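Novice: My request is simple: use the sequences and hints to build the entire structure.
Number of protein chains: 2
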Amino acid sequence: MKIDTKLTRLLGIEYPIIQGGMVWTSGADLVSAVSNAGGLGVLGAGSMYPEQLREAIESCKSKTKRPFGVNIPLLYPNIEEHIATVVEYKIPVVITSAGNPNLFTTRLKSHAIKVFHVVSSLKFALKAEQAQVDGIIAEGFEAGGHNGREENTTLVLLQLLHQHSFKIPVVAAGGIANGSAMLACFHLGASGVQMGSRFLMTKESTAHQNFKNHVKSLGEGDTILSLKELAPVRLIKNEFYASVLELYQKGASVEELRSLLGRGRAKKGIYEGDLVEGELEIGQISALLDNIPTVDKLMANFLKEYELALQKKSF
Amino acid sequence: MKIDTKLTRLLGIEYPIIQGGMVWTSGADLVSAVSNAGGLGVLGAGSMYPEQLREAIESCKSKTKRPFGVNIPLLYPNIEEHIATVVEYKIPVVITSAGNPNLFTTRLKSHAIKVFHVVSSLKFALKAEQAQVDGIIAEGFEAGGHNGREENTTLVLLQLLHQHSFKIPVVAAGGIANGSAMLACFHLGASGVQMGSRFLMTKESTAHQNFKNHVKSLGEGDTILSLKELAPVRLIKNEFYASVLELYQKGASVEELRSLLGRGRAKKGIYEGDLVEGELEIGQISALLDNIPTVDKLMANFLKEYELALQKKSF
Numbered sequence: 001m002k003i004d005t006k007l008t009r010l011l012g013i014e015y016p017i018i019q020g021g022m023v024w025t026s027g028a029d030l031v032s033a034v035s036n037a038g039g040l041g042v043l044g045a046g047s048m049y050p051e052q053l054r055e056a057i058e059s060c061k062s063k064t065k066r067p068f069g070v071n072i073p074l075l076y077p078n079i080e081e082h083i084a085t086v087v088e089y090k091i092p093v094v095i096t097s098a099g100n101p102n103l104f105t106t107r108l109k110s111h112a113i114k115v116f117h118v119v120s121s122l123k124f125a126l127k128a129e130q131a132q133v134d135g136i137i138a139e140g141f142e143a144g145g146h147n148g149r150e151e152n153t154t155l156v157l158l159q160l161l162h163q164h165s166f167k168i169p170v171v172a173a174g175g176i177a178n179g180s181a182m183l184a185c186f187h188l189g190a191s192g193v194q195m196g197s198r199f200l201m202t203k204e205s206t207a208h209q210n211f212k213n214h215v216k217s218l219g220e221g222d223t224i225l226s227l228k229e230l231a232p233v234r235l236i237k238n239e240f241y242a243s244v245l246e247l248y249q250k251g252a253s254v255e256e257l258r259s260l261l262g263r264g265r266a267k268k269g270i271y272e273g274d275l276v277e278g279e280l281e282i283g284q285i286s287a288l289l290d291n292i293p294t295v296d297k298l299m300a301n302f303l304k305e306y307e308l309a310l311q312k313k314s315f
Numbered sequence: 001m002k003i004d005t006k007l008t009r010l011l012g013i014e015y016p017i018i019q020g021g022m023v024w025t026s027g028a029d030l031v032s033a034v035s036n037a038g039g040l041g042v043l044g045a046g047s048m049y050p051e052q053l054r055e056a057i058e059s060c061k062s063k064t065k066r067p068f069g070v071n072i073p074l075l076y077p078n079i080e081e082h083i084a085t086v087v088e089y090k091i092p093v094v095i096t097s098a099g100n101p102n103l104f105t106t107r108l109k110s111h112a113i114k115v116f117h118v119v120s121s122l123k124f125a126l127k128a129e130q131a132q133v134d135g136i137i138a139e140g141f142e143a144g145g146h147n148g149r150e151e152n153t154t155l156v157l158l159q160l161l162h163q164h165s166f167k168i169p170v171v172a173a174g175g176i177a178n179g180s181a182m183l184a185c186f187h188l189g190a191s192g193v194q195m196g197s198r199f200l201m202t203k204e205s206t207a208h209q210n211f212k213n214h215v216k217s218l219g220e221g222d223t224i225l226s227l228k229e230l231a232p233v234r235l236i237k238n239e240f241y242a243s244v245l246e247l248y249q250k251g252a253s254v255e256e257l258r259s260l261l262g263r264g265r266a267k268k269g270i271y272e273g274d275l276v277e278g279e280l281e282i283g284q285i286s287a288l289l290d291n292i293p294t295v296d297k298l299m300a301n302f303l304k305e306y307e308l309a310l311q312k313k314s315f
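Going down the list, the protein sequences come from chains D and Z. Take the first sequence: its position 48, counting from 1, is numbered 48 in the numbering used here, and each next residue is one higher. Take the second sequence: its position 134, counting from 1, is numbered 134 in the numbering used here, and each next residue is one higher.
Everything labelled a hint here was simulated from the structure, so no lab data went into it. Here the structure is a predicted model, which means the values were calculated and not measured. Keep in mind that a hint or two might mislead.
If several chains are the same, the list does not tell them apart, and a pair holds so long as it fits within one copy or across any two.
The calculated DSSO-like cross-link candidates involving lysine-lysine, where the alpha carbons are at most 30 Å apart (straight line), are [claimed, not checked]: (1) Lys203 / Lys216; (2) Lys237 / Lys216; (3) Lys216 / Lys127; (4) Lys216 / Lys123; (5) Lys267 / Lys203; (6) Lys90 / Lys63; (7) Lys313 / Lys127; (8) Lys123 / Lys212.
Specialist: See the structure below:
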């Protein structure tokens, strides 16, 4: 029971489900499990040193024969090394984000790598299309981690893109945790979904157990898009966030904010499980996430929800 | 070609489309046009004196034989008079918002009035269900005007509600302007949609022509949820908003914000067309709205988009 869409045909995968390549969570275990289950697993290179990315790719290749991708944030300091690595290993799909899609698209495509770019607005989607990317990942305000300044929600962003009728696949991202939501996104013009938070909450992700347990307890309004003066990021309202708020109330400068944030805060929270001092990046959909299944179980359940939604004819 | 859902059966309407009862825009012309076209028109009592509401109801009754509703924000100063008026005129549907659904639901229902309550979170939806409302309007972060503090987007909010499986109809609101979005919302558990901004942008709405023309020109990122310390409201980033921002940057108190806002700012902007000094309330979907059709034309087009979406089987 494959699901056949523009996205699955382009990538040669069974289900139009991409696992978001997140920092500190998306290593070889998670990525290979998603690809083995018929989706597209994606390594999160944004939190890896060049040598770690090579190791993760080799480990992933040993765990799956199916295609997987690498997510590379374009503001990454050693970007040239990461680009060289994905070319060397002939990674079939590279997802770029947080930067100009003109920078590497042509070069990657010349090595038969398919390039998807993450956008938060129609404006950036049109730029990505001009840069000749192979697909667009349209990520709304509700998504975890770094996010756009326009604050377009996924529902609004998809309608904006739908009106333009892109020829390349559009993948919906941000606020998706249920198979019926995938069908909803299809009707809004998407041919696939990317899920981050939902895959973070699996046994295979390398997020710290403290962090996963904390996410289970979250409810509505427990995340917020903050630090807009640096780069907008959705995070949990914890003690670290309280100190950000305190700075805001004092009318702090961008420099003071940057110095409070410092380095390694996301690692401290997500990977080391420091719920107090860490920057805890997760999407708004965390209010709905109350279990930590294996990837196999998650995929099976998600596909069942999708099938049920497809069959539903009365509303 | 009726569309049969839980909502249409409950309200006795042809299409599961509710026109949001907005301040300064939703008078008898708009409301009767929507009801005559098979949706549910809703008067916006929030900007009416008691006598004006009576006049609007009488005018509306003279223009349509079909059911229409009245939206009453529960923070309205002369709330008792508005409640007495809708009882006297046997208005079939009352939509309450911005307050406690326990206040008037039982009384209204005892007069055979159906009560819908607007919520921004699952938590408030459960409270409304307990108060025995007949239906829930689930309104996300992207909606125009007053909004919830949790910042749940429509996509996230609908999934949260869907998981709970409400027996009463759930109506999706916020960020909807296209027939395919209605089908998407159906798959997320809704049995109808409420549209505000889309109906504001019709010939029949009483929003000022300056305001409508300005909305046509808006793009992504041109609205923002602001004044969260008073009551969160989505508005256009105009000169009035710039002065709000200036106060924020000075670390202004709630009192200073309240005094800047003053009285009648929304009227000034929306109804009188003062784009500089007015508070210009509109939803994020305004980025998509570039025409000002008649209600009939809008409804026909929306239903055509819905039918096309229904027929689409490949994504």
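Novice: All the hints need checking, so say for each whether the structure fits it.
Specialist: Hint check results:
1. Taking the closest pair of Cα atoms, Lys203 and Lys216 come within 30 Å of each other only inside a single copy of the chain (13 Å); across copies the shortest separation is 48 Å, beyond that limit.
2. Taking the closest pair of Cα atoms, Lys237 and Lys216 come within 30 Å of each other only inside a single copy of the chain (14 Å); across copies the shortest separation is 37 Å, beyond that limit.
3. For the homomeric pair Lys216 and Lys127, the shortest alpha-carbon distance between copies (23 Å) is at most 30 Å, but the shortest distance inside one copy (38 Å) is not.
4. Proximity of Lys216 to Lys123 under the C-alpha cut-off of 30 Å is restricted to the inter-copy arrangement: shortest distance 17 Å between copies versus 35 Å within a copy.
5. Only within a single protomer do Lys267 and Lys203 lie at most 30 Å apart by alpha-carbon distance; the minimum there is 18 Å, versus 54 Å between protomers.
6. Proximity of Lys90 and Lys63 under a CA criterion of 30 Å is satisfied intra-copy only: 16 Å inside one chain copy versus 68 Å between copies.
7. Taking the shortest alpha-carbon separations for Lys313 and Lys127, only the inter-copy value of 29 Å comes in at or below 30 Å, while the best intra-copy value is 38 Å.
8. With identical chains, the CA atoms of Lys123 and Lys212 are at most 30 Å apart between copies only, with a shortest distance of 23 Å across copies and 35 Å within one.
Checked against the numbered hints above, the structure violates none of them.
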